[in-house]
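Q: Each chain is listed here by its residues.
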Amino acid sequence: MAEQNQTNQTIIGAGARFKGELTLSGGALIQGTVEGSIIAEGPGELKFAAQSQTRASVRAATVLIEGQYDGDVLATERLQLTSSARVTGEVVAAAMIVAEGATFTGKVAIGPDAVAASTKAAGNSMNSAMNSSMNSSINNAMNIESHARAAAPATMESKPASRTSVRLPDWAAANGGAAAASSEASVNRSDWMAQTTGRTGQKSASAEV
Amino acid sequence: MRDVRCYHCQQELTVPAAARNTTCPTCYRPLNLDDIEVRGASPSAIIMTVGRLTIEAKAKPLTKRLHAGELLEVRGQFDANATCNGHIHLARSARASGQLKAQSLTAEKGATFTGLIQIGPGTSAIDAATPSRANNS
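Those sequence lines, one after another, are chains A and G. Mapped onto my numbering, the consecutive letters of the first sequence carry residue numbers 112 to 320. Mapped onto my numbering, the consecutive letters of the second sequence carry residue numbers 36 to 172.
Hints listed in this document are in silico derivations from the structure and should not be mistaken for laboratory results. Careful: at least some of the hints might be erroneous.
Straight-line distance between alpha carbons at most 27 Å, and here's what the computed DSS-like set of lysine-lysine pairs gives [unchecked claim]:
1) A/LYS130 - A/LYS218
2) G/LYS93 - A/LYS231
3) A/LYS218 - A/LYS231
4) G/LYS144 - A/LYS231
5) G/LYS93 - G/LYS144
6) A/LYS130 - A/LYS231
Go ahead and model the full structure; you've got the sequences and the hints to work with.
A: Next up, the structure:
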């Protein structure tokens, strides 16, 4: 069973170089070089091995980083950095573990509220990103078709051009505003900050210091 | 005997295990060797120790500068610049914001933190010797 799970896992092997947007259902093991964005849906773990080099934004339930990582991380369950991790970037996570020996520098928001706000914002931005990528796919497909038609010699019987059929899903059509969601997130954060600092304004010296 | 590190000049020194405070032989500044528990709204501008520092669940210190030599355990609330030569632990009841610098960190599910975190060798010593914002004001 464990072997079966392992064979079903997405692996970007050592020496492999991936550039672009990667959307997964389940976990993945990254051993190579990745540039772009990775979205792992579902409960799987996204693991960046010790030899991996990543410059990307990542969204996953659980993220385990052992290698070099530069970018944003949204971990809805847990973010773990092992002792060999070298990480810079912005982090939003429900829980976070950084082992001794690891290096990390960046802005961090930990907590269920931060995760909820970021997930909402990321979902909306993903919709718009998917929309734009699909639009470009459609444009590419149309370009391919027109080029194929133009390239076909007049004496030859023109064959139908290989056409990439792209069907927009319903959710992609109903795209919300990412900016609105992010502004809502910042409002939530400032509310929380104000609440916290407001509470700390009480003066009752009963500390054991 | 106990090996500690001066939080002013980062010099290592050995002190008797039962000692509660001392003076750094290098920079001649006083050092608190106690473990500290903060249980209320501490009015202190700076809380520093070479030992362990615990912000208890109902604590809401007004402190803007925290330093713990061994361990910083947060169960309550704070908005401060916190450094630790060892480990920082944010328990599930922690509500923190500000800057954290340490060698390692854990934040339990349920804890909230907003701000900047620096983890790694040498990071906890970056501004341990600099006066805090609260101290300046």
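Q: Determine for every hint whether it applies to the structure shown.
A: Here is how each hint holds up against the structure:
A hinted pair counts as satisfied when its Cα atoms are at most 27 Å apart, and A/LYS130 with A/LYS218 qualifies at roughly 25 Å. For the hint linking G/LYS93 to A/LYS231, the alpha-carbon distance of about 32 Å lies beyond 27 Å, and the restraint is violated. Proposed proximity of A/LYS218 and A/LYS231 is supported: the alpha carbons are some 19 Å apart, at most 27 Å. Taken as a hint, the G/LYS144 and A/LYS231 pair is honoured in the structure, with Cα atoms around 19 Å apart against an allowance of 27 Å.
Of the pairs offered as hints, the one joining G/LYS93 and G/LYS144 holds, with about 18 Å between alpha carbons and a cut-off of 27 Å not exceeded. The straight-line distance between the Cα atoms of A/LYS130 and A/LYS231 is roughly 25 Å, inside the 27 Å bound, and the hint therefore holds.
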